[in-house]
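Visitor: Read off the chains here:
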Amino acid sequence: MKYQRYIEEKLRKSFILWGYEEVRSPTIEYVETLSTDLGSELAQSMFKFQDFDGRILALRPEMTTPVARMITTRMFSTPEPIRLFYISNVFRYSRSYVERGREFWQAGVELVGCGGNRADGEVISLLASSLRELGLNQLRLDLGHAGLFKEVQKSARLDPEKEQIFRTLVGRRDRVELEKFISRNDFSSELKNLVLELCEIRKLREAASALYRRCGFRKAKRFAKALSAVAGVLSDHHLEDEVYFDFSLARRIEYYTGIVFEASVPGFGFSIGGGGRYDDLLWKLSEIRIPAVGFAVEMEKCLQALHSQGCELSTTPDDIVRVLVSSTSNERAVETASLLRESGVVAITDVANRTRKKLIEYGKLARMNYVVIVESDRKRPWVIYDVRSGMKKSLPVKAFLQEICRSRGR
Amino acid sequence: MKSKIRIAVPNKGRLKQPTIDILRRSGIRILERERVYNSETSNSRFQVSFMRAFDIPLYVQYGAADLGFTGHDIIVERDADVLELLDVGFGRCNLVVAVPRNSQIRAIEDVTDVPRVATEYPNTSRRFFASKGKQVEILTVRGATELAPILGLAEIIVDVSTTGETLAKNNLRQIAIVLESSCRFVCNKIAYRTFEREVKELIDRLKRGER
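Residue numbers (the working numbering), protein chains in the order written: chain A, 1 to 410; chain B, 1 to 211.
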């Protein structure tokens, strides 16, 4: 738990420093709200059940839709752009024989009410900065464009089934099968060349220039402009070299309309987080057109990635002192513990009535700094065992508290 | 220093030797291969790890190995989310449904009454019969699947068949093909990003080294 707490606190601190406010949403919502524009894969992965009146409820499978719903129903008067973050558990049913988890902790932000590239840049930059703050090295971001991908599919006039196949082939990076698919489905030669070129390009500006050069479909120039604008803001954030273009990055969720991105580190086999722009979701929930962009990171994955990089987490701050208090008189033990807590010391009373020897053994195991034995006579000094050094001494209360203050100052 | 790229190689069975050979033809000679799990190679960028072909999709999906060689049938059975970058050509086989020669069942359509199916591929089999609208009871066995109908454990088996010889020897008849398989060169999704240049170069060399 302390490691999870470390991740949580670090991320919370980053999000707060960037001006985001924490929100909490209900775990259970109506299934139709949660599945708005989610895409079949994620919608099918929801745990669903009935309310008393027969309406279908579900456990939230992700947080973007619940947050968007909160904005449309409760935050009418908040001035835009609205900056929100959450640290929550989400629930997914998995058919996979490998992935057995059902509950996942996510931390994420949503920047709502602003459609420009600067907002995109801020969110990507916050993702990079908060992951670096956790201690992750050699961070890498891959960026695609959901709108571009959808437009290419539209220009190729693929039916939904073929769209799925196309997406899978591009995602699997199977060039041979992709070329076969393209020639079977009568892509124009410009579109074919553009798709094959985009699959190989890793620099945003190169992708933009390929779109300018090749055109390939009606709106190509518009996407070219969009991608070079993103490259521009990323360079303002000194991120241009860490962000790679990936045409195949079509995230599983339907609601994305613009840029989509994923974060990863070498040597860890999964992406740790990602997000994108979703300009239509709030409109679909409330018929108010509000553009938005956000990301979520998987907290367990962050932890595993940190471990895979051999990162030692400093989870307990050095200035926390832990004391185990024991006395033949329970009243005195309770009183002493209160006194210590008032001075900001973590105090535990021995409720198991251990002998001195056992008490010190337990103190070591429970990572205590001191074991304090208090006589029932108030006038007598405390007997204090320093667990780490093994030293024993008798000290009056005041002197002991002063010693603790000094050790904290170090 | 750049971290090494780890390739998972089958430690036994019919995919082992052809994998070692194709790697050698692609300029990656495995330096030690007797009784070791990990070995350096003649190419300092690559290390190999030997493991069961059945576990390779798992190691690669989790990124414990960056690259690997394993059967398409195993990837499907493991439901692994890995990139199948190349069909390396060897290890061709079919995953087939077979019944005893004297069985009343002549085709999948004849399956009735929830028969028992013995297989090493429970997930693939379950999906296959479900897609045909047939209800069956799947019994997972570890090897020697052909024995199951002989001793009456199951009426049907789903197993790998290369030439059909083993089936014939055990008086079994193939009634359907579940999946056509061959050995694939697979890659972890993140490793593809991290080592794209090296992976693409290796694919080119593997293609040239194919027979």
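The set of hints was computed from the structure by calculation and includes no laboratory data. Note that the coordinates shown come from a computational prediction; the quantities given were computed from them, not determined experimentally. Misleading hints may appear alongside valid ones.
[Stated by the list, open to error] Pairs of lysine-lysine residues, derived as DSSO-like cross-links and limited to a Cα-Cα distance of at most 27 angstroms, are as follows: (1) K180(A) with K200(B); (2) K203(A) with K200(B); (3) K4(B) with K207(B).
Visitor: State for each hint whether it applies.
Guide: Right, here's what the structure says about each hint:
no.	hint	in the structure
1	K180(A) with K200(B)	20 angstroms, holds
2	K203(A) with K200(B)	17 angstroms, holds
3	K4(B) with K207(B)	22 angstroms, holds
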